[in-house]
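Letter by letter, the chains look like this.
Number of protein chains: 2
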Amino acid sequence: MLPVKQRFNLPDGIIYLDGNSLGPVPVGTSERVSRVVNDQWGPNLIRSWNIDGWMAQPVDVASRVGRLIGAPAGTCVLGDTLSIKVHQALSAALQMRRQRRLVLSDSGNFPSDLYMAQGLIDQLDQGYELQVVEPEEIENAINDKVAAVMLTHVDYRTGRMHDMNAITRKAHESGAVMILDLAHSAGAVEVDVTQDQCDFAIGCTYKYLNAGPGAPAFIYVRPDLTETIDPALSGWLGHAAPFEFEPGYRPAASIERFRVGTPAVLQVAALDAAMDAWEGIDMPEVRAASIELSELFIEEIQARVPQLELASPRDASLRGSQVSFHFSEGYAAMQAIIARGVIGDFRAPDIMRFGLTPLFIDKDDIRAAIDIIEEVMRDKLWDKPEYKTKSKVT
Amino acid sequence: MLPVKQRFNLPDGIIYLDGNSLGPVPVGTSERVSRVVNDQWGPNLIRSWNIDGWMAQPVDVASRVGRLIGAPAGTCVLGDTLSIKVHQALSAALQMRRQRRLVLSDSGNFPSDLYMAQGLIDQLDQGYELQVVEPEEIENAINDKVAAVMLTHVDYRTGRMHDMNAITRKAHESGAVMILDLAHSAGAVEVDVTQDQCDFAIGCTYKYLNAGPGAPAFIYVRPDLTETIDPALSGWLGHAAPFEFEPGYRPAASIERFRVGTPAVLQVAALDAAMDAWEGIDMPEVRAASIELSELFIEEIQARVPQLELASPRDASLRGSQVSFHFSEGYAAMQAIIARGVIGDFRAPDIMRFGLTPLFIDKDDIRAAIDIIEEVMRDKLWDKPEYKTKSKVT
Chain A
0 MLPVKQRFNL
10 PDGIIYLDGN
20 SLGPVPVGTS
30 ERVSRVVNDQ
40 WGPNLIRSWN
50 IDGWMAQPVD
60 VASRVGRLIG
70 APAGTCVLGD
80 TLSIKVHQAL
90 SAALQMRRQR
100 RLVLSDSGNF
110 PSDLYMAQGL
120 IDQLDQGYEL
130 QVVEPEEIEN
140 AINDKVAAVM
150 LTHVDYRTGR
160 MHDMNAITRK
170 AHESGAVMIL
180 DLAHSAGAVE
190 VDVTQDQCDF
200 AIGCTYKYLN
210 AGPGAPAFIY
220 VRPDLTETID
230 PALSGWLGHA
240 APFEFEPGYR
250 PAASIERFRV
260 GTPAVLQVAA
270 LDAAMDAWEG
280 IDMPEVRAAS
290 IELSELFIEE
300 IQARVPQLEL
310 ASPRDASLRG
320 SQVSFHFSEG
330 YAAMQAIIAR
340 GVIGDFRAPD
350 IMRFGLTPLF
360 IDKDDIRAAI
370 DIIEEVMRDK
380 LWDKPEYKTK
390 SKVT
Chain B
0 MLPVKQRFNL
10 PDGIIYLDGN
20 SLGPVPVGTS
30 ERVSRVVNDQ
40 WGPNLIRSWN
50 IDGWMAQPVD
60 VASRVGRLIG
70 APAGTCVLGD
80 TLSIKVHQAL
90 SAALQMRRQR
100 RLVLSDSGNF
110 PSDLYMAQGL
120 IDQLDQGYEL
130 QVVEPEEIEN
140 AINDKVAAVM
150 LTHVDYRTGR
160 MHDMNAITRK
170 AHESGAVMIL
180 DLAHSAGAVE
190 VDVTQDQCDF
200 AIGCTYKYLN
210 AGPGAPAFIY
220 VRPDLTETID
230 PALSGWLGHA
240 APFEFEPGYR
250 PAASIERFRV
260 GTPAVLQVAA
270 LDAAMDAWEG
280 IDMPEVRAAS
290 IELSELFIEE
300 IQARVPQLEL
310 ASPRDASLRG
320 SQVSFHFSEG
330 YAAMQAIIAR
340 GVIGDFRAPD
350 IMRFGLTPLF
360 IDKDDIRAAI
370 DIIEEVMRDK
380 LWDKPEYKTK
390 SKVT
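Residue numbers (numbering that gives the first Met the number 0), protein chains in the order written: chain A, 0 to 393; chain B, 0 to 393.
In isolation and in its complexed conformation, chain A is listed as follows:
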């Protein structure tokens, strides 16, 4: 769909519809990571922190991610994992609304976000409460008791997409802080955190951004808020002068105050290489291509594989860059499909999920995938014991 498929190393004989879980290897990644090991760390040793720019990369490389979500340079920083970023954002939000005790989320949020929120609430032990409503009830549940609305933009199971502009407006009208998880949005759909006036946006980079397993997370903070927040995870690299080794913490004046510890330099290098694969690509064209692919996918499945019940919204404007289907034997069916070279994934209890990633998936891939899915479902090829044994991760 986009003329950049050659920017990825895709294994022969595989149609990869799981780039929403772990993106494939961009062609430059291996060489970039090797260069860090052999041409930087090797000869320059400790000096690489300065001369190879390692210390500055969490902000520098974050700006490349920021371009895809409407975040100006200097408003995002890389580090840690998305779960840690949830803690940072929610801690900050509660600090901003000290008179309020409600954290509002929905059942479509990724479980780790809810776990981290509950963990923070329990840890604080100050009467906070996590209220989890159904996705369609969010707007009505926002009131002046809510300190923070914390949502994942695109549902990891169904691909249902929130209208973040409307929700953020409602949150702000009620005086609540808006925290937006872009795990399934960055590089997948059009997002403009600036225009939407989002307060905090967080996300991972190993899905649609293709930065590899364990790639660093990012946090965006609305620029006028940054200096008002005392970071809860006040690690040395968020200090105004980390290498002065002062006894007391003084937060950096910039987005750097959301840094915690030493950056994962190899993973940052892989992210930087992955962002090369995004060069010259704008989100409107990605979104248009994604919708074309998902419309084709849904039409073909509905016409040829009636056993699968659409779990995603039929209206493309309400859907992220994946399509999901309910099927009671979804786990086994997905294993059988994977065994035939089409990789999607399964999410409990019965969701078969297919990620559509137009940087490296085109219409021919979708048509070939549908042929295989149709065959597996029509001939019940999933009905074998070896497909029904669950592995630890799918």
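In case anyone wonders, no lab produced these hints; they're calculated from the structure.
A couple of the hints might just be wrong.
Remember, identical chains collapse to one label, so a pair may be satisfied in a single copy or spanning two.
Straight line, CA to CA, 25 Å or less: simulated DMTMM-like cross-link-like pairs of lysine to aspartate or glutamate [claimed, not checked]: (1) Lys-389 to Asp-59; (2) Lys-4 to Asp-275; (3) Lys-383 to Glu-243; (4) Lys-379 to Glu-308; (5) Lys-4 to Asp-124; (6) Lys-144 to Glu-328; (7) Lys-389 to Asp-314.
Go by the hints and put chain B onto chain A.
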């Protein structure tokens, strides 16, 4: 000193006495990381989490680190950064001693540990207090108001080493929880967290363990405590069944409950390769070699470079695996020494620091380094403007 220097890629013309800050590249690292990218992530994509063991590595590889600190397999887990591990351990300790409000540390602790503790205390807003005493006052300051004693075993500036066995005994007699930061101990000195009955031990792996920039941190939890703790950073990978995506958090029964988010697979691979360089090496022989090196270093400096005042304990049993000196122009002097190929580092306000790492440093290196240090100091080669301008990281 140890016959394993060939296990490292050391640049020609450099004597590297900063392995206590960032260890050099083990020979297998580049190949191992490339293999993860090209032979695992590339062809196996999402399936690597299972078939290449990525999901299990944070515990599997941690046991290789554990061997060097007296931690049995299954009592350590990798993840995040050391600062995050401080937060996890201290949160747990405060949870274990709810009636107490004092966190005790010393001025020799690494600043990030103190920053994180203060950040947690401020965040909790429940009347906790961080008391920071001088290192020699620690034992006397422990009383029944102290919830947690939180110390770095070996001082990052001077190399002064605490008697952790004695302090832990005193802490336990007073009912306090012991948190031990092993950043400058793991792979440097003999530590036995089991014998010392330490409650929590944390550390990084990019110093003496040579796992590379941004390598994962580790946390050890005393086995009988593990299941009693509700993790404050309750991320999905600490869940008993992360891939069931349950709405509520249920901590894993094992050390895995101290996992948070997705592991940094490339960095874990580099750590695993680094641990290959530790194969067959036991800490008593490392410690004996380290003491030989440091005694030689101190004797030669004291005989030939009287301008440098020893900042480390003269008694080897009180000293870690580094030697440090006070010098008023220490920053410039260190730059001049580095310019001549001997890499140590500087720590404010006036500490010149040299790490002794017997896996790849021998007596000939020390003698050659002393010649250069003597020349720089004798001829005041440091007295040039270019050596006096501070860079961001040293």
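Tested hints:
no. : hint               : result
1   : Lys-389 to Asp-59  : between (41 Å within a copy, 21 Å between copies)
2   : Lys-4 to Asp-275   : within (13 Å within a copy, 37 Å between copies)
3   : Lys-383 to Glu-243 : between (63 Å within a copy, 22 Å between copies)
4   : Lys-379 to Glu-308 : within (16 Å within a copy, 79 Å between copies)
5   : Lys-4 to Asp-124   : neither (50 Å within a copy, 52 Å between copies)
6   : Lys-144 to Glu-328 : neither (42 Å within a copy, 57 Å between copies)
7   : Lys-389 to Asp-314 : neither (32 Å within a copy, 58 Å between copies)
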